[in-house]
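Participant: When you get a sec, could you build the whole thing from the sequences and use the hints?
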Amino acid sequence: MTLDLEPAPGGRRQAFRVAVRMARRDIRRHKGRSLLIILLIMLPVAGMAGAVTLIESTQETAAERVQYQLGTTQARFRPMPMANGVMVQHPVEELQITTSDWDTKPDFTPADPQDAIPAGYDVLTESTLDLTAESGAAEVRVVGRAVDAMAPAFAGKYTLLDGRAPGTDAEMLVSPGLLERFGLGLGEELATSAGTFVAVGTLRDTGYSDSNSIVYLKPGQGSVGAPAPSATTSPVPTEQAIKSTMYYLVGSEPVTWSQVLAANAVGVTVLSRDVVLNPPPQDERGRDGAGTSSSASLPLAAYAAGALLGALALLEVGLLAGAAFAVGAKGQVRELALLAATGAESPTIRSVVMAAGLWLGGIGVAAGAAVGLAAAAVVVFVARLNGSVRFPGFHPDALLTVLVMVMGYVACLLAALAPARQVARQAVLGALKSGRAPTPAGKTSTVVGAVLLGVAAAALAAGTWLAVSSEDPDVFTSRTPVIAWFLLGGAVLGVTSMVLLTGKVVALLAKRAGRLPLAARMAARDSSRNRSRTVPAVAAVLAAATLASAGMVLAASQQANEQQNHHWSALKNQAVLPLFVGQPPLADGTVPDPVRIDPAEVVSALDGAVDTVEWTSVLRTAAIRNCEMRPGLADASPAQTPTSSCLQYSLATPEGNECPVTAGGRVLDPEDWRCQGAMRPYESWGRTDSIVVGTAEDVERLFGKAPTAEARDVLAAGGMVVSNPVFVRDGHASLVAQDVRKPAPLVPGSSEFQGYQETGRTEVAAAVLEPEVNVPYYGVVSPEAAAAAGMRVDNGALLVQLSAYPDAAQADKVSAALAGIYADRYGSMYVERGAERDASLILWSIVGLGALITLSAAGITTGLSMADSRKDHVTLAGVGASPRLRKALAGSQALMTAGLGTVLGSVAGIVPAVLLVTATGMARTAVVPWLQLVALLIAVPLTGAALAWLFTRARLPVSRREVGT
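So this note's numbering is basically just the index in the sequence shown, starting at one, shifted up by 20.
Derived from the structure by calculation, the hints contain no laboratory data.
Here the structure is a predicted model, which means the values were calculated and not measured.
Among the clues, some could well be false.
The list that follows gives simulated cross-link-like pairs (lysine-lysine, PhoX-like), each with its CA atoms no further than 20 Å apart [what the hints assert, rightly or not]:
1. K592 with K524
2. K238 with K263
3. K592 with K725
4. K463 with K531
Facilitator: Structure, rendered in structure tokens:
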């Protein structure tokens with residue numbers, strides 16, 4: 021009979037079934053080890069799934085928008101912010117305007133929204149009120165709403181949280197934030213400028229956070245008055261507290277897109293339920309020739325940062341899973357060796373380990389996705405429960421979640437492949453003799469790691485070179501995607517290379533461990549001998565530390581960039597209060613003179629409100645008075661007459677001192693001296709108060725430093741002290757007068773505002789004194805130079821220096837003191853807080869989160885390693901080692917694993933993050949938060965070692981078989 025050596029039909033499939041069955045039984049037999057493996061896989065998948073879901077949950081859906089904004093009404097009519105008869109709104113975001121003509125039409129008069137409402141609807145109004153409320157001795161501004169919030173049509177928009185609906189005109193609803201702000205309880209009175217009311221319930225407006233202080237009254241309640249009726253039916257009522265009114269349509273018929281366009285044509289915007297839920301096609305959204313507006317998008321650098329963190333997170337999935345499967349495979353060595361001894365081929369052996377990857381990976385990925393979704397749901401639920409509007413709703417994205425699961429599952433299978441091949445190559449006889457024969461250390465991983473490290477360095481260098489060589493920012497912008505890919509690839513390859521080189525690093529450390537204490541020396545040598553156990557554990561910690569360190573560098577750099585680009589309104593703890601308040605135009609279109617404010621009265625009010633006022637100073641500036649702003653009459657009168665002035669002043673930039681910009685309007689080099697300093701980098705066209713007429717004392721108070729002798733001499737001689745050397749040439753500066761009625765022509769191909777038409781220049785002697793920070797002033801000009809330039813000088817503002825930034829109570833007192841002077845024509849006093857915001861909380865939060873993730877990885881991998889090395893500890897106990905030594909050995913092993921992984925991970929995260937920040941222009945300079953990084957480097961290894969020491973059993977049960985006797 022001929023022997024048939026051909027493979028049996030279906031043999032591979034049958035062998036795979038056996039492998040799956042063996043893997044399932046091994047998982048059941050070693051539940052603790054399997055649970056740790058599942059946790060290692062689950063944690064990063066849960067983090068990625070939760071992050072994706074939270075990002076999606078910040079985006080408002082169409083159904084949520086109509087519910088939160090309209091309740092059950094059909095539409096909302098409101099005035100268009102800018103109107104000229106040819107503007108068209110966005111179907112969903114009604115305040116986004118598109119048009120082919122942004123010019124104001126003098127003959128166009130926007131209609132009252134009431135006149136644009138179609139017939140057949142009941143109308144509900146919601147008016148915004150300008151109110152004040154008593155807080156102690158202060159009058160504090162609060163937001164008011166005149167609306168019938170309990171109307172059934174507003175269900176979904178307004179929700180009664182506590183208490184009851186008002187029953188009389190003496191009762192009101194308030195937001196939870198107002199109760200907290202004023203220390204009130206339900207049933208207590210609050211005195212407002214509209215009257216005194218009893219708060220009987222708390223109301224939530226789904227469009228606003230609960231922390232806002234809002235008073236809800238009914239239309240016509242108190243002294244507020246009802247919304248103004250249509251101008252076609254009755255005259256406009258007298259002045260009242262209503263600032264603006266929106267009109268909600270209640271009915272069964274939807275408001276169509278054609279009706280929305282008709283309302284746009286008369287200067288009214290509409291939020292329609294039907295249009296939002298069923299938006300019109302793109303070709304129907306604008307009139308012929310209408311341009312389109314694009315909402316601001318995140319810069320590509322932000323996407324690159326997100327991609328870097330996502331790539332590192334995905335790599336962490338693979339490394340954590342690899343650590344888990346490596347330790348799990350070592351526990352199966354004896355069983356697999358017995359299987360090989362019975363004639364099983366290497367592919368069958370590999371299939372057993374891969375089948376474990378299929379089972380554990382599938383469970384871990386599914387559990388991770390479920391945990392991530394559940395955690396995201398809890399975050400959204402808690403945020404919504406607390407009245408936050410950050411998350412409009414819980415929006416799990418099935419496609420993205422499945423994508424995360426597939427990517428995590430593929431990473432698990434790839435991670436299981438390496439230990440599967442390693443176990444299949446092990447010597448069968450050695451495995452049968454000991455059940456845990458160490459794999460001889462080869463040079464392949466070291467060589468491949470070195471090669472990958474070189475490739476990673478080359479990729480990072482290439483990305484950096486592409487960025488550095490892009491002298492033109494427009495070219496740099498076009499190269500940014502390629503730069504980002506090089507840097508991302510280099511980062512991933514760098515982490516991979518470090519993992520492959522970990523074994524060599526461990527061996528080098530073991531050779532130099534001779535002078536260490538006994539426990540540390542034994543841990544180093546054991547780690548070197550059992551690299552198949554040590555390397556996966558170090559790799560898992562390395563991945564987590566890489567993610568944490570990269571996140572810290574990106575966050576610190578972004579915060580530093582925000583501080584560098586801080587817009588200074590004045591020096592720190594200074595405030596600028598106007599000494600005149602503009603008036604609204606009269607019925608004939610003329611603008612009356614502004615109301616003058618007595619500076620002595622303001623100073624007295626401030627001194628009576630707070631005791632932190634160090635000094636005050638009146639700033640004298642060029643004043644615009646009796647300026648004829650009506651378009652048809654602007655050309656009929658000169659810019660300045662004996663009784664009027666329409667001139668504002670700035671400094672001209674000498675030829676050659678302009679900040680170089682590209683054809684796309686981007687600054688060519690932010691470090692160029694011509695692009696730095698006060699009133700830079702972009703060309704400023706001046707303000708009425710950007711040039712102060714004064715003395716050396718004013719210079720010191722505005723600039724924060726004493727003027728030099730040169731500056732004093734120039735100012736005394738009738739010159740000017742300038743805040744930026746870019747405006748001075750040969751000791752002179754040019755004062756430019758501009759007519760605020762006449763905008764300068766636009767540059768061809770650009771829609772950027774170019775300032776106003778110039779009417780004259782005056783050369784003045786100038787000395788440069790750069791201020792402490794980039795305050796918004798060209799400088800201080802002498803009265804003689806101001807007169808020569810034709811300035812009509814008047815008391816423009818009061819500069820107030822405080823000793824400290826005011827708290828909420830002080831701010832309330834100041835607002836109350838100023839309200840009586842400005843008669844509600846000026847808001848609260850803005851005090852410059854400065855750029856030195858305390859960003860350490862965010863960084864320490866990242867440290868805490870990174871330490872938690874790293875410790876989780878270190879703890880789980882250390883637990884697996886300890887389980888794998890249990891026989892070593894039993895042997896030590898059998899030969900008389902003290903419990904203290906064994907506990908110290910466990911702590912030293914955890915210290916070495918966590919310490920080495922954290923150090924390598926920090927290097928692998930810092931380098932690409934720094935290059936990404938500098939190469940993509942995410943920030944001007946990359947910032948490495950060394951304090952937080954050192955804390956991470958110290959906390960993770962020491963905490964891991966302490967936990968390992970604490971949870972190592974002092975006494976182990978020893979059998980003759982385990983000792984080997």
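Participant: K592 and K524: Cα distance at most 20 Å?
Facilitator: violated (54 Å)
Participant: Does K725 sit within 20 Å of K592, going by the straight-line distance between their CA atoms?
Facilitator: holds (13 Å)
Participant: With a cut-off of 20 Å on the C-alpha distance, tell me whether K463 and K531 pass.
Facilitator: holds (17 Å)
Participant: Does K263 lie within 20 Å of K238 when you go C-alpha to C-alpha?
Facilitator: holds (15 Å)
Consistency note: the structure conflicts with earlier hint 1 alone.
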